[in-house]
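From these two lone chains plus the hints, build me the complex, please.
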Amino acid sequence: MATLEIKDLHVEVTEVTDEENQTAKEILKGVNLTMKTGEIHAIMGPNGTGKSTLSQTIMGQPAYHVTQGDILLNGESIVDMPVDERARKGLFLAMQYPAEIQGVTNAEFLRAAVNARRPKDDQISVMDFLKELDKNLDILDMSEAMTERYLNEGFSGGEKKRNEILQLLMIKPSFALLDEIDSGLDIDALKVVSKGVNAMRGDNFGSMIITHYQRLLNYIVPDVVHIMMGGRIVKTGDASLAERLEKEGYAGLRDDLNIDVALVDED
Amino acid sequence: MDTMETQSQTATAIQTAAQQHNEPTWLIHKRLAALAQMPDLPMPRVQRFNYRDWAMMPDTLAWRQSAPELAATAESDCQIVQVGQTTVRVNLPESLQEQGVILTDIFTAAREYPDLVQAAFMTKAIQANENRLASYHTAYLNAGVFLYVPDNVVITDPVDVQLVQDNTQDQPLVSHVLAVAGRNAEFSINQHLTTVGDQTNLANCLLEVVAHANSHVTIAALDELGPQTLAYVERRAYADDNAVVNWAVGFMNEGDTIGNFDTELNGNGAQADAKVIAITDHDQRMGVNTKITNRGKHTNGNILQRGVILEQSELVYNGIGDIIHGAAGSEAEQENRLLMMSSEAHGNANPILLIDENDVMAGHAASVGQVDEQQLYYLMSRGLERETAERLVIRGFLGAVLSAIPAKAVRQQLIAIIERKLENGR
Chain B
1 MATLEIKDLH VEVTEVTDEE NQTAKEILKG VNLTMKTGEI HAIMGPNGTG
51 KSTLSQTIMG QPAYHVTQGD ILLNGESIVD MPVDERARKG LFLAMQYPAE
101 IQGVTNAEFL RAAVNARRPK DDQISVMDFL KELDKNLDIL DMSEAMTERY
151 LNEGFSGGEK KRNEILQLLM IKPSFALLDE IDSGLDIDAL KVVSKGVNAM
201 RGDNFGSMII THYQRLLNYI VPDVVHIMMG GRIVKTGDAS LAERLEKEGY
251 AGLRDDLNID VALVDED
Chain G
1 MDTMETQSQT ATAIQTAAQQ HNEPTWLIHK RLAALAQMPD LPMPRVQRFN
51 YRDWAMMPDT LAWRQSAPEL AATAESDCQI VQVGQTTVRV NLPESLQEQG
101 VILTDIFTAA REYPDLVQAA FMTKAIQANE NRLASYHTAY LNAGVFLYVP
151 DNVVITDPVD VQLVQDNTQD QPLVSHVLAV AGRNAEFSIN QHLTTVGDQT
201 NLANCLLEVV AHANSHVTIA ALDELGPQTL AYVERRAYAD DNAVVNWAVG
251 FMNEGDTIGN FDTELNGNGA QADAKVIAIT DHDQRMGVNT KITNRGKHTN
301 GNILQRGVIL EQSELVYNGI GDIIHGAAGS EAEQENRLLM MSSEAHGNAN
351 PILLIDENDV MAGHAASVGQ VDEQQLYYLM SRGLERETAE RLVIRGFLGA
401 VLSAIPAKAV RQQLIAIIER KLENGR
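One line per chain: the protein sequences are B and G, in this order. Take 1 as the starting number for the first sequence in the numbering used here and just add one per residue. Take 1 as the starting number for the second sequence in the numbering used here and just add one per residue.
Same shape as in the complex, but just chain G (with noise of 0.2 Å):
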């Protein structure tokens, strides 16, 4: 049969790019394994949301350098930044260093540290076989970063996670994000993706976080990638007993994107806090599934996004809450609001509950509206033109996710660029 054979010339090429790439066996078999399951894996369900025409997954694995000026230049002390495949630079304090904290590109980890790796990637937070596009990842990765924080290891800063699509070629990011929390410890990223050159790319992120009990891990994202990406990003974390994972994320790509973010709550007390931005603006179209899941006894999960639609783009936001069967004395609150600035808008707030459990609170709350025209009186009785009174009710109604990102830079950065998005999307 033509597909059986195009499937076996397509595994050869993967084995022989990663074989070049001098990738252990391990990971080539991960690679093979979830090429051969893709065919019979559904794509990731965004309800009310149809991608079906979406070309994700382009089928060239190959090893291109980008060219290290095209990161920003901005250092801090404990830092990864990627350009497409190539690592540009990584800054961990030696203090770290001594107390066996790891930070490298994810190909340098599967080699060196290939027991830590395994063990994490792929195999709790999230599993090839999962869907279509997670298989599609694990077959066609090429590039990441793996952040390894022992037990009982506090960092204190930041670690600054900049990773940069490099659409001056013609090719796709397929990049996988691994961070490994310790029992007891303590750390937050800042992830950051943008994109520089304006050729057509796919980008599949995937970020995943296994946080081991009593750890304590907090993630801001900022994602800025460019008009000419198609985006698919997965966000995941596995989090065992008293883990605590909080979720910034500002989601300001330009161009179409899916994102997929998900928190399995598995030990007992476990908590997460899910809390997304979007602006969507032109004929931009984004679906974004956030979802908990109660696993473990007494978890608590809360999800809050904020959506801005111009123009005449679409926004859908599933909050999904699902409490499996035996997850006892479980919490899972979820407000979902979207905000209409024009009449060619389109956009959808679904709350969907999955309870398989009596002894559990569960709330939710969506809404879709357009702008408040009282508000807007009131405010232009005062002599502000209609744009700035316009600027601050939306401020005023991203408000409350923006005030609860515990980190005042990303905050700030994030306030930016929601004002450029207003401004240039009138």
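Just chain B, with the same shape it has in the complex (with noise of 0.2 Å):
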């Protein structure tokens, strides 16, 4: 079983407000949160509050600076790790607006990171590598034909969401971040998304799904839901809560807990 722990992280990015100016802004102010692999977290909250910064700071994004508090992945620190490093140690983000590489075939990048993860002398064989990709292709209902374009370039945005699950699924990370894998999706793609993050789903595979919208929670169940407010998680309960405020907003329960924040934040 392995572990992720939050422990009262603050984060800040800088903005460059000017030519000469950059100011360092607070985004995170105090998060706590930890789970474990079998475990299904979701993260809910509005605009501007934080969720999008939670999952790129455990990620290792460096545009994201670590004021205070820590990140451990099995009790091990991992602020100071680059991100290749924190990938190899099982941590894996479904990016919101994936990067395009040309030149590089889906299938060829695939294999790429499927050996980062294996050690130099045990590389996957040709043949369990597309054996694994051929069963995946299935289950999101990708073409052959998608692992032979460049990465990611031209996708629509829907061929991303499911590309980036197919890479889940090729990867098995101990943990995934999921950053708005729903946004832009039909209900069919949402679908299949769901489909491909259930079928990881198991004592060695735990997941933290960001999201605005409960619609994504009927499909991929959490056992935890949390929501987020100002930079810190204000509440944390079982599914229902994400049922909860789907009918009463997020104004209702900022209200109800008594929490001076902003909800209208459209940055």
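Careful, some of the hints might be misleading.
[Stated by the list, open to error] Below 30 Å or equal to it, Euclidean Cα-Cα: the simulated DSBU-like pairs (lysine-lysine) are:
1. B:K235 x B:K195
2. B:K172 x B:K191
3. B:K195 x B:K131
4. G:K297 x B:K120
5. G:K408 x B:K131
6. B:K135 x B:K172
7. B:K120 x B:K89
8. B:K89 x B:K7
9. B:K89 x G:K408
[Said to hold, decoys possible] Here are the in silico distance ranges between beta carbons for each label pair:
10. B:E132 x G:A404: 55 to 61 Å
11. G:R48 x B:E132: 29 to 35 Å
12. B:V16 x G:P406: 28 to 34 Å
13. B:A24 x G:N50: 40 to 46 Å
Bear in mind the hints are in silico, worked out from the structure with no lab data behind them. Heads up, the beta-carbon is just placed ideally off N, CA and C, and yes, glycines get one too.
Below, the structure written as structure tokens:
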């Protein structure tokens, strides 16, 4: 069993206001969260509240600076590790805006990613790789032609999301952070993507699902739901919390909890 | 005057050397005429690249033997291999000989086929008085190859031209590859330039193609001259009516280099496509002009250049599209892109369009940039190490040109060289 612990996490991003001035803006203001493999956690919250910052900071995006607190993977602090090392230790982030890489085929990249987590003298054989790839393409209802295309290049929004989940299925991390994997998906695509994530469910897999909407959680039922507001987790509950939120909205919850945050934060 | 005296002494020395070498009178005259005009000619202009202090004209013409075993042993059916001035191997299938194909060293050709050589040698694709290095080349020529493919002859396998600069000796390599394509002829050349030995020398290597009407010539060139070589590489073509000349050049020299490529689309409907890849590293400096001149009507020129600049090196790409008045209905497209892999790298990508005709289509794109950090982050977030991620991004960047190289063997060789350079250059 693997664990991921977030302890009193404070995070800043540097904003360039004009040519000479940079200001640091604190986005996370003391996040605490512990998850184990075997669990699915959902993080919900209004716009601009730090959900994506949390996932990018856990993964190690260099633009986010941890100013206080810690992130522990299996008891080991990872805040000073580069992103690739965190990935090899079992973290995965399905991104909201995956990069496009010309000239590198999806299949070639997938194989390199699978092998990056394996020892040099135990790289996956072509046969095993293709077998695994076929199986996962099937689950996601993707055509084989997708694997010969350049990585994300010219992919539609929905194709990119599916491709993120294909990578998840191939790489098999301990913890997957899914950042708004439902945005821009129609209901059929949403079902397919959920099917992919559910296929990973089990004792050796945990996931943190970031979403605005409860809808995704009908397909991937979470064990724990956290509500974030103003850079903190303000309430934690089970799947029924998401349903309640759907009915009452964030404003209702804010008033119940007597929290002083502005909700319409369009950044 | 001293300089006049020196000049006449040099002329005598060249004349003597050429006579010892049993060269025909026309060639000796051509050398001397070129020598005489050298001082009045400008150096080739490479915009935004200063090479004024490079010593590119050592004044020696001497005949030396090189050891044949310095050449790689790889043999192909249709091949010429030279080490320095020494021709090590010539293979030409009998069937091609019977059809009148000629493949030999340039001096043998000048003696045995004077009409063919004299008509094409620095008369059409480039002339000795174009610039000082071209006249130097003519005056001090000391090696070369002649390929003649008569009208209507089609050679299916590539003609393999391997030139090994012999830097085990102190001598410049001044080499001329002359390829003549008769009407409707079709062939391709794989040219490979390499260096053995570690003495410091100049290489002045010129390849010229004279493509007669409706001929189709493809040149894949892989330049791998060594770090001790100061290189001037000139590749020129003259294309007559409806002739097609396609280039793929991998500029992988390790020393300071000037590249000067030009295809003259003289005939109506002639076409040229020039693809160039370069990688520079250490404190290397490289300046490249890639030019296509549209002279005939309805001619079509396409330039695609990509370069990767490592460490403290400098790479300048000038893409030059020159459309002459009267070349109605012509097209000139070009794209020049550079990727800088270090903060100390220098790069410049200049599209230059010279258009003196209204009825044309012309376009250009150019960029100089760093590796996209977002791309690296994405690849690394899947567990790839930074080096691997960078290599993938670079390979993708060069991919547009690499995938367009028709000869698979050349493409694979080029990929291997690129991988090696990226491995070392960090």
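Evaluation of the provided hints:
1. B:K235 x B:K195: Within the cut-off at roughly 28 Å; holds.
2. B:K172 x B:K191: 20 Å, holds
3. B:K195 x B:K131: Roughly 19 Å separates the two Cα atoms, so the pair holds.
4. G:K297 x B:K120: 58 Å, violated
5. G:K408 x B:K131: 29 Å, holds
6. B:K135 x B:K172: Cα-Cα ~14 Å, so holds.
7. B:K120 x B:K89: Distance ~16 Å between B:K120 and B:K89 Cα, so the pair holds.
8. B:K89 x B:K7: With a Cα-Cα distance of about 19 Å, the restraint between B:K89 and B:K7 holds, given a limit of 30 Å.
9. B:K89 x G:K408: 39 Å, violated
10. B:E132 x G:A404: 55 to 61 Å: With Cβ atoms ~33 Å apart, the hint is violated.
11. G:R48 x B:E132: 29 to 35 Å: This hint is violated: roughly 51 Å between Cβ atoms.
12. B:V16 x G:P406: 28 to 34 Å: 47 Å, violated
13. B:A24 x G:N50: 40 to 46 Å: 44 Å, holds
Violation of the numbered hints given earlier is confined to hints 4, 9, 10, 11 and 12; the remaining hints are satisfied by the structure.
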